[in-house]
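Peer 1: Our numbering numbers the first residue of the sequence shown as 71 and each following residue consecutively.
Because the hints were derived from the structure by calculation, they are not lab data.
As the structure is a prediction and not an experimental result, all values here were calculated from the model.
Beta carbons are placed, not taken as given, at the ideal position from N, Cα and C, and that holds for glycine.
Please note that the accuracy of each hint is not assured.
When the alpha-carbon atoms are kept at most 27 Å apart in a straight line, the in silico DSSO-like pairs for lysine-lysine are as follows [stated by the list, open to error]: (1) LYS174 with LYS198; (2) LYS80 with LYS129; (3) LYS159 with LYS174; (4) LYS159 with LYS252; (5) LYS149 with LYS252; (6) LYS129 with LYS72; (7) LYS149 with LYS174; (8) LYS198 with LYS159; (9) LYS192 with LYS129; (10) LYS129 with LYS159; (11) LYS159 with LYS192; (12) LYS149 with LYS72; (13) LYS252 with LYS192; (14) LYS129 with LYS174; (15) LYS159 with LYS80; (16) LYS149 with LYS159; (17) LYS192 with LYS174; (18) LYS252 with LYS174.
Here are the in silico distance ranges between beta carbons for each label pair [claimed, not checked]: (19) LYS72 with THR248: 36 to 44 Å; (20) ASP140 with THR239: 36 to 44 Å; (21) ASP241 with VAL134: 15 to 23 Å.
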Amino acid sequence: AKYTHIALDKANRLERLVNEFFEITRYNLQQITLEQEQIDLYYMLVQMVDEFYPILSAKGNTAVLHADEDLSVCGDPMKLARVFNNLLKNAAAYSEAGTEVIVKAVRTDDDNVTVAVTTCGKLIPRDKLDVLFEKFYRLDEARTSNTGGTGLGLAIVKEIVVLHGGTITADSSEGQTTFTVKLPVAEKS
């Protein structure tokens, strides 16, 4: 039973890896079409933060959302959910135990919405911040399969954000790492 369970876990992980590989290939071949609609970004972020409560609380972490309630973007809700899911999954995996994950969303003066996910923990060296979004890049090759992925998650996130006319950046200093997604505001209809 023990070895069957191990084999099943490895098979499930392999399936996830293959699916990520195919997804990034589709983005590279530009075979992705966006199902655009107006999205209540505040509501989406509330749901995402709530979904990660059990994962975060397992390490004694919490998540706090600071956002305006009237934030909207135009985009593909499934793909944008993938973006925030990936950022929160990374936050849960790499933040220090017992710390707070802060999700902050605001409308900026240049008609964009920025969503920042900030964690406390090990810093990312400044010279590695730009390559984080490259395919197959992993900051620490020694990470176990429990925390480390394929190095495709942030590359897929970047592809989705760019398809939506946005940008994603990372900053790591003073004990905190922040991933910031910038998306165009949806005009009220």
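Peer 1: All hints are to be evaluated individually against the structure, with a verdict given for each.
Peer 2: Now for the hints, and whether the structure bears them out:
1. LYS174 with LYS198: At roughly 24 Å apart (the allowed maximum being 27 Å), LYS198 and LYS174 satisfy the hint.
2. LYS80 with LYS129: Holds - the C-alpha atoms of LYS129 and LYS80 are around 23 Å apart, at most 27 Å.
3. LYS159 with LYS174: 16 Å, holds
4. LYS159 with LYS252: Satisfied, since the Cα-Cα distance of roughly 19 Å is no more than 27 Å.
5. LYS149 with LYS252: Holds. LYS149 to LYS252 sits at ~15 Å (cutoff 27 Å).
6. LYS129 with LYS72: OK: LYS129 and LYS72 at ~25 Å, within 27 Å.
7. LYS149 with LYS174: 19 Å, holds
8. LYS198 with LYS159: 20 Å, holds
9. LYS192 with LYS129: Judged against 27 Å, a Cα distance of about 15 Å means the pair holds.
10. LYS129 with LYS159: 13 Å, holds
11. LYS159 with LYS192: 16 Å, holds
12. LYS149 with LYS72: 36 Å, violated
13. LYS252 with LYS192: The given pair, whose Cα atoms are some 24 Å apart, holds under the 27 Å limit.
14. LYS129 with LYS174: This hinted pair holds, its Cα atoms lying about 21 Å apart.
15. LYS159 with LYS80: This hinted pair holds, its Cα atoms lying about 19 Å apart.
16. LYS149 with LYS159: 15 Å, holds
17. LYS192 with LYS174: Since the Cα atoms of LYS192 and LYS174 sit roughly 20 Å apart, the hinted pair holds (cutoff 27 Å).
18. LYS252 with LYS174: The given pair, whose Cα atoms are some 12 Å apart, holds under the 27 Å limit.
19. LYS72 with THR248: 36 to 44 Å: Given a distance of about 41 Å, which is inside 36 to 44 Å, the answer is holds.
20. ASP140 with THR239: 36 to 44 Å: 24 Å, violated
21. ASP241 with VAL134: 15 to 23 Å: At 19 Å between Cβs, range holds.
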